[in-house]
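J.: Keeping the supplied structure of chain A fixed, place chains B and C upon it in accordance with the hints.
Residue numbers (this note's numbering), protein chains in the order written: chain A, 1 to 313; chain B, 1 to 276; chain C, 1 to 324.
Since the hints were made in silico from the structure, they are not lab data. Any given hint could be a false lead.
What the hints assert, rightly or not - FRET-style restraints, in silico, Cβ to Cβ:
1) 173/A x 189/B: 48 to 58 Å
2) 300/C x 223/A: 26 to 36 Å
3) 294/A x 163/B: 26 to 36 Å
4) 88/A x 128/C: 42 to 52 Å
5) 162/A x 127/C: 45 to 55 Å
Beta carbons are placed, not taken as given, at the ideal position from N, Cα and C, and that holds for glycine.
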Amino acid sequence: MSWFIVKRVTSLLPILFGISLITFILLHLTPGDPAAAYLRASHIPPTDEAVATLRAELGLDKPLYIQYVNWLIKVVQLDLGISYVSKNSVWEEIMLHFFPTVQLAFASCIFIIVISLPIGMISAIYRGKWIDQFSRIIAFVSVSMPAFWLGFLLIYFLSVKLDLFPVLGRGTFAHLVLPSLTLAFPYIGTYMRLLRTSTLENLNEPFVVYARARGLRERRIVSRHVLKKSLLPVLTGLGMSLGNMLSGAVIVETVFAWPGMGSLFITSILNRDYPMIQGCLLFMGAIFVVCNLLVDLTYAFLDPRIRWEGGKK
Amino acid sequence: MLKNVKRKLLSHKLIMISSLIIFFMTLLALFAPFLAPNDPNLVDITHKLQGSSSKFPLGTDHLGRCIWSRLIYGIRTSLGTAFLVMGLTMIISIPIGIYAGFRGGWVDYLFMRICDILMAFPSLLLSLALIGILGPGLGNLILAMVLVQWIFYARVIRGMVLSVKKQNFILAAEVCGTPTLVIVIKHILPTIISQVVVLAFMDIGGIILAISGLSFLGLGIQPPGAEWGMMINDSKPFFRTHPSLMLYPGMMILIVVIAFNLFGEALRDVLDLRKE
Amino acid sequence: MMGQHSILTVNNLNIVVSTPHGVTQTVNDVSFELEAGKVFGLVGESGSGKTMTCMSLLNLLPDEAKVVEGSIKFRNKDILNCSTEDVRKVRGSEIAMIMQNPMTAFNPVRNIGCHFIETLRTHLHINKHQAREMAMAYLEKMDLPYPENLLKQYPFQLSGGMLQRVMIAITMSLNPSILIADEPTTALDATNQLQILKQLDRLRNEYNTGILLVSHDLGVIAQMADEVAVMYGGYIVEKASVLKLFNRPKHPYTRALLQSRLGLTRRKEKSVKRVSVSHRNLINRETACPFIERCGDADHTCANNRLELKEYEKDHLVRCVKLQ
Numbered sequence: 001m002s003w004f005i006v007k008r009v010t011s012l013l014p015i016l017f018g019i020s021l022i023t024f025i026l027l028h029l030t031p032g033d034p035a036a037a038y039l040r041a042s043h044i045p046p047t048d049e050a051v052a053t054l055r056a057e058l059g060l061d062k063p064l065y066i067q068y069v070n071w072l073i074k075v076v077q078l079d080l081g082i083s084y085v086s087k088n089s090v091w092e093e094i095m096l097h098f099f100p101t102v103q104l105a106f107a108s109c110i111f112i113i114v115i116s117l118p119i120g121m122i123s124a125i126y127r128g129k130w131i132d133q134f135s136r137i138i139a140f141v142s143v144s145m146p147a148f149w150l151g152f153l154l155i156y157f158l159s160v161k162l163d164l165f166p167v168l169g170r171g172t173f174a175h176l177v178l179p180s181l182t183l184a185f186p187y188i189g190t191y192m193r194l195l196r197t198s199t200l201e202n203l204n205e206p207f208v209v210y211a212r213a214r215g216l217r218e219r220r221i222v223s224r225h226v227l228k229k230s231l232l233p234v235l236t237g238l239g240m241s242l243g244n245m246l247s248g249a250v251i252v253e254t255v256f257a258w259p260g261m262g263s264l265f266i267t268s269i270l271n272r273d274y275p276m277i278q279g280c281l282l283f284m285g286a287i288f289v290v291c292n293l294l295v296d297l298t299y300a301f302l303d304p305r306i307r308w309e310g311g312k313k
Numbered sequence: 001m002l003k004n005v006k007r008k009l010l011s012h013k014l015i016m017i018s019s020l021i022i023f024f025m026t027l028l029a030l031f032a033p034f035l036a037p038n039d040p041n042l043v044d045i046t047h048k049l050q051g052s053s054s055k056f057p058l059g060t061d062h063l064g065r066c067i068w069s070r071l072i073y074g075i076r077t078s079l080g081t082a083f084l085v086m087g088l089t090m091i092i093s094i095p096i097g098i099y100a101g102f103r104g105g106w107v108d109y110l111f112m113r114i115c116d117i118l119m120a121f122p123s124l125l126l127s128l129a130l131i132g133i134l135g136p137g138l139g140n141l142i143l144a145m146v147l148v149q150w151i152f153y154a155r156v157i158r159g160m161v162l163s164v165k166k167q168n169f170i171l172a173a174e175v176c177g178t179p180t181l182v183i184v185i186k187h188i189l190p191t192i193i194s195q196v197v198v199l200a201f202m203d204i205g206g207i208i209l210a211i212s213g214l215s216f217l218g219l220g221i222q223p224p225g226a227e228w229g230m231m232i233n234d235s236k237p238f239f240r241t242h243p244s245l246m247l248y249p250g251m252m253i254l255i256v257v258i259a260f261n262l263f264g265e266a267l268r269d270v271l272d273l274r275k276e
Numbered sequence: 001m002m003g004q005h006s007i008l009t010v011n012n013l014n015i016v017v018s019t020p021h022g023v024t025q026t027v028n029d030v031s032f033e034l035e036a037g038k039v040f041g042l043v044g045e046s047g048s049g050k051t052m053t054c055m056s057l058l059n060l061l062p063d064e065a066k067v068v069e070g071s072i073k074f075r076n077k078d079i080l081n082c083s084t085e086d087v088r089k090v091r092g093s094e095i096a097m098i099m100q101n102p103m104t105a106f107n108p109v110r111n112i113g114c115h116f117i118e119t120l121r122t123h124l125h126i127n128k129h130q131a132r133e134m135a136m137a138y139l140e141k142m143d144l145p146y147p148e149n150l151l152k153q154y155p156f157q158l159s160g161g162m163l164q165r166v167m168i169a170i171t172m173s174l175n176p177s178i179l180i181a182d183e184p185t186t187a188l189d190a191t192n193q194l195q196i197l198k199q200l201d202r203l204r205n206e207y208n209t210g211i212l213l214v215s216h217d218l219g220v221i222a223q224m225a226d227e228v229a230v231m232y233g234g235y236i237v238e239k240a241s242v243l244k245l246f247n248r249p250k251h252p253y254t255r256a257l258l259q260s261r262l263g264l265t266r267r268k269e270k271s272v273k274r275v276s277v278s279h280r281n282l283i284n285r286e287t288a289c290p291f292i293e294r295c296g297d298a299d300h301t302c303a304n305n306r307l308e309l310k311e312y313e314k315d316h317l318v319r320c321v322k323l324q
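Just chain A, with the same shape it has in the complex (with noise of 0.2 Å):
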């Protein structure tokens, strides 16, 4: 078990090279001189000779390779740089944004798991009756519907007409269901439908006739056979899906006003604030590629095929 956490977080260090390198890239693919944009995001005429000065503080006259370097070596050390617009640490912003999407998206798993749980079992049960042509049609709205306008029919609905939730802003728990309902709606289908589809697969398998024949109850059976293996694929999607929420996040958090890294990456965008554009891509990116190593942890943790094999070697 250990070998394969080594193995898995060794694994890992290319791909966070390859998200670093392609954020410095991108930067520099920025049209015009960043020192000139920098100087027009402070109100400093770029002129010829304050260009050149700040290229050379900011080390922009080097090769290429000698900035990625010397970049690196920076951002291992949290040093992110500077936002052109607040002027504050992008590191320090970052991580004061962080916290709320996290929260946004734990809550958006915990409505995911228990409005998809029940009835993509229930639907693989009882296969091609009302419960199940109910969550295909479910399902393919979920997908379809347009996250900023699901987010603008609940708080019109919800909040405004019925008074149920808070509008907009982050505060008590209340605040909280709405956005991370809309976050969570259109996973609720994919999962609702992939839940049902690996039970029904599950249902057919010849553990199961034993486990009938063994005399134990249905209820069991589903509880404790079936719905432990078909929870595993679930499982690697829903992880892989934390980190497609950030991004979701842009836009649910933008209708919400939700103080999140969403929020922060859309304003620094429409500010083309480039270090921190910068750093939310790079701090998103390893977040999502951390969320995948944990869920391959978690999977390995539980599936014993796999906890098995990777101790092996």
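T.: Frame of chain A, contents of chains B and C only:
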């Protein structure tokens, strides 16, 4: 076999409904100038936020523009952009995917490593960052989406090519001394193209959603152009008092995306490509 | 005479399976009885309806299969018309089953202990600790080494033979009156086969369990069974005591089957010939003998007479027009 497919297509209720919707939408988009009662971009503050009337079937927005006309012109933007993105993606990913899959060796290795890195980012995030660097606008939006999307298709196509490559009829063609280019065009491309088309149709709904999402964030088409996501964004300050401003464009997105998703899924069922 | 000791009576069982291509009759007019401490062998090629028959005994037929006629009586309890809860209580504790492929019969993500203990606790009122002790005792009885370790292991860590013995241990622990063993040795190698057969024999002798042994391996049947039924095309074509059946087979299919087995020692004859007399379109599917197309002795009488399982001599039943 083709007859069978045709029969299945016609008997498939979902396909009928969804293709009717798509057909109807395309008609609306094509004949938008004749069907729209007003200039979609004509600002007239004196008529702002009106209810429906004979002049404005669905009322007007905060700048007095006709919502119905903007909705119809919005089909052009959404479908046009989505198909453009998909087309460009295909133009890039089909040759690259086939080349990597067929050639193998270091080309394939390099390709896979690029995949690993690009796919380490959530795709929308990378598009967002690209737009952030290139600057907002419809052209940059298309560019950003294509640059991020192509890798997924190229990878799937590579996989398809790999499995086709092992089959005997390709070996037979090789043994006969058929030139590689001919093998690719005459044998490999026709074998995988139907799967690729189904894949593209299944994703077009998602692309429409992504485009409207980016426009909603103000990164896509710039004012005064008409786009559904942007219309919803415009309605933000007024949606409590005038919910219809946001209701109509959202409804349009939902209908179009559902239609394409249904169509894609039904197409896959009919062509029986469940393996993917 | 036999009926007095019989625990399980199957009468005129008919099963149909609906497939996308239509409905097929997979089991036709199958009747037999199982007695305590006796082994009833069921022989036949794949697709002859053996497994469907087994599954119906526990009311475990897949959704697409249905019993359309007949009855299954277990100690005067009608298995087919019991409540689901009543049948469930019978499964495992009264009528147990050993699966064909031990490697897929266990849930790969749960260990052996889970399987064993949950089975015990479903049927007996004991706590976890007692169940564990009991499980270890029975695994030891099956000559499985380190039972404590074994309980913690996962199915994929064990060999097919070991898993099969675990299944027998689970069966034994609940002391059922009937065991259905559907091809228990097919997936195993020769040494393991022998082991398993020994254990089954022990189950019969020590616990007086009646065993329904399904196999296409005549060697296994000859070694174990007291009475044998041969199935072909969903019908029982011949039923007799093991000695009679092996010494004086009557039905052409049984004879062909036995010849193919002896082919190793004798000079091989062409054991199964194609029918020459009858044209396909003359065959009346409703009444024709299922073996007609492969039978060497077939003629028009085989195509048009309704077949019945008739007593050829005492306790030796044959379904063949020619012999009646």
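J.: Hint by hint, note whether the structure agrees.
T.: Each hint tested on the structure:
| no. | hint | in the structure |
| --- | --- | --- |
| 1 | 173/A x 189/B: 48 to 58 Å | 56 Å, holds |
| 2 | 300/C x 223/A: 26 to 36 Å | 59 Å, violated |
| 3 | 294/A x 163/B: 26 to 36 Å | 32 Å, holds |
| 4 | 88/A x 128/C: 42 to 52 Å | 58 Å, violated |
| 5 | 162/A x 127/C: 45 to 55 Å | 51 Å, holds |
Hint violations for this structure: numbers 2, 4, all remaining hints satisfied.
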